[in-house]
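J.: Please arrange chain S on chain V, whose structure you already have, making use of the hints.
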Amino acid sequence: MAILARIPLSLRVPLFAAILMVLAGAFASQQVLSTLSRVQDDRLRELAILHVESLSVALGPHVLREDIWEVYDVLQRASGERRGQRMVFTAVTDRDHRIIAATDPRRAPIDEMLPQDLEAAQSPDNLSIPGDGARLVLTAPLAYQGRELGDIFTELDVSDLVSERRIAGLYLLLGNALATGVLAVMGYVAMRRMLRPISRLAQRMRETAQSPEPIPEDDIPSGDTEVTRLVQTYNAMAWAIDAKAETERRLAERERFVSLGRLSSSLAHEINNPLGGLLNATDTITEYADRPDVVRQSATLLKRGLEHLRDVARATLDHNRLDRSSAPLSHEDFDDLQLLIGPEIKRQQQTMDWRIEADDAAIARFASAPLRQITLNLLLNASSAAGRGGKVELDLSAASGGLKIEILDSGSGLSEEAEYRLLSSGPVQPGGGVGLRLVHDLVAELGGTLKAERRDGMTVISILVPFGDPEGRAAC
Amino acid sequence: MANINRRTVVSGAGLAVTCLAYPALARTTFRLGLSPVFLDNNAIVIEAIQEALEASLGVAIKLEQRRTYKEVTGLLLEGAVDAAWLCGYPYLQHSSQLALLAVPVWRGRVLYQSYLIAGADNPAASLKDLRGATHAFSDPDSNSGYLVTVSDLARNGETPDTFFRRSIYTFGHRNVVRAVADGLVASGSVDGYVWEVLAAQEPHLTKRTRVVSKSEWLGFPPVCARKDRHDTPLVQSFKTALFEFSETRLGSQVLQLLQLDGFTDADPSIYDGISARMKVIETLR
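Heads up: the sequence lines are chains V and S, in that order. The number in the working numbering is simply the position in the first sequence, starting from 1, with 12 added. The number in the working numbering is simply the position in the second sequence, starting from 1, with 786 added.
The set of hints was computed from the structure by calculation and includes no laboratory data. Bear in mind the structure is a predicted one, so any value in this text is a computation, not a measurement. Note that CB positions come from ideal geometry on N, CA and C, so glycine has one too. There may be inaccurate statements among the hints.
What the hints assert, rightly or not - Here are some, though not all, of the chain S residues that point toward chain V, as calculated from beta-carbon distances under 8 Å:
hint : residue
1    : Leu-861
2    : Glu-864
3    : Trp-892
4    : Thr-920
5    : Thr-945
6    : Pro-946
7    : Thr-948
8    : Arg-952
9    : Ile-954
10   : Gly-969
Bound-form chain V, shown alone (with noise of 0.2 Å):
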């Protein structure tokens, strides 16, 4: 069963049609033979009956006279001189089954006992042909004037009806085999036919299970049958699969901005909050243009500002640069992280603790968008988990192997809704935690584990991404 489990449903079900063409045929062919044999046997059982009653009319008062020349010559008279006849020989017994004449005399000899082959004999009422031999040996008492006189023997050729037999099961066979293989032929081919459509949709599956791909509109069978309905199916799920695939594209596209639309607030602050300064020394200049040390002090304090602004911008230019996928990680990511969170931090009036201990050739190691994006998107969950004068901490370090980073937190802990977001490949609904799913698969396309933990009354999400080849970067 094991085996046949291994063959592909579009040679099991020809293959099994032609079994049952081949088991069909067998039947059939018992049934003629039988049929065949069943008639032989009645032909014969006829014969035989019409003989032995014949014989005892003929017989009956030359034995009663015990005239054995009579029924000597009546016998021989009646077995006649033709070839090929199936009466060979006839012996006429009295009832102690002592010859009274035989055909050949010679084989039965008058006065002797009957000859022990003939012992063996057969009654016309179930009289049937053997299978193999070419004799065969029937009995009947003979009768008359209701009497019974005696016995007849009479040993029938049969090796006409054995041939005739053999002859037509083995044309039975050779008819049978031909029509059955000719039938299990094209029982294949129609099967195979039958079931190309679901062949080929399950080679499609098979070719495309990463993503599978509709089956094009003129390979669909036509009409309305369970095939079409199938491949019609398929090519509904392919479409919902994709549709899918590209609404997650977009969600998670979109949670790269929520991260950013969460900063924007403070990161508008963080601008704004400098500019009225920036006004106050153009404004000083304009006045004091004279004064060379209060325009310089001005231009001072302009430039500080300026440099302040310029570094938010390039920071949050740099997290959507869109070929910063390929740049290596730095201390300057880390860096420009620390300037994006820190504005959040402090409108949240925070303390945040920030460990960097791992070097720069480590940290090299990795490409710098998906790290930016985990980090980020883990510090913005912990500010908000922490709360209005919580903690937040982020230690990065070199573990065996690979890149540890650690935020922690003094919230009170992971909802269940967004660990499950964070740890699990389930499917989820959007909203919910920022880009906490995005942060799941980001890690699982680095090839690391993603932890969550509480220690010391801080919740800890660990993330351990290994190193990968040593020359190439692990992409995202």
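T.: Relative to the frame of chain V, chain S by itself:
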């Protein structure tokens, strides 16, 4: 009636003449009894005899065949037949009532022999070697097919029942040859003339037998009539017809089929040999 033409009238007249003539012919039908000494299984022989006799006698001939000598002799004695071809033995049994009409001439003589035959592979050299065997007789009233062997046994104080394990009657000399040839019985008593004719006509049959011994020459089976009818014109015409067989075409044909030379008058003394054998078995009784 208007449609009756000349041919119809002539045909009708012919039919009337035939019908008138038939009773006259029927009254003069000659009836001849035949017995198994004869090759009575041969339809051609029967037809030839009938044709030849009808041609010679000019009357209808009715051939009466019976299975046994006793039956044919009975027919002759009761007058149911005008003449019969018997055997020397029944002729002698009823010699006071029967007269010899004619005796066949075979190989120039009115004599024949009885053959004791056995299967071709049977090594018996004489009758005594057949003790305990199965034996076929032709007819209990046959000279060659019974009397000769039984009288031989009687001379040794035996009867068929004491000498043979079993003896059967086949009621035909040809049947005796068949019974021995087929192996139904080991030996048989047969008319020597019949065996010789069979040897010429059916050699495949006689080839499977061999003659163990032959009897002395005895009188050939005669054609007899009742003494009281012997001198009637029809019986005399019949006798003459037999004597003249060798001179007529149809008669010669019969003689050729029977392998006989002709028919002749013979003295009853040719049956003395049979008579002597009859005496032997009568003493035993």
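J.: It remains to establish, for every hint, whether it holds in the given structure.
T.: Evaluation of the provided hints:
no.	hint	verdict
1	Leu-861	violated, 21 Å
2	Glu-864	violated, 24 Å
3	Trp-892	violated, 26 Å
4	Thr-920	holds, 6 Å
5	Thr-945	violated, 18 Å
6	Pro-946	violated, 14 Å
7	Thr-948	violated, 16 Å
8	Arg-952	holds, 6 Å
9	Ile-954	holds, 5 Å
10	Gly-969	holds, 4 Å
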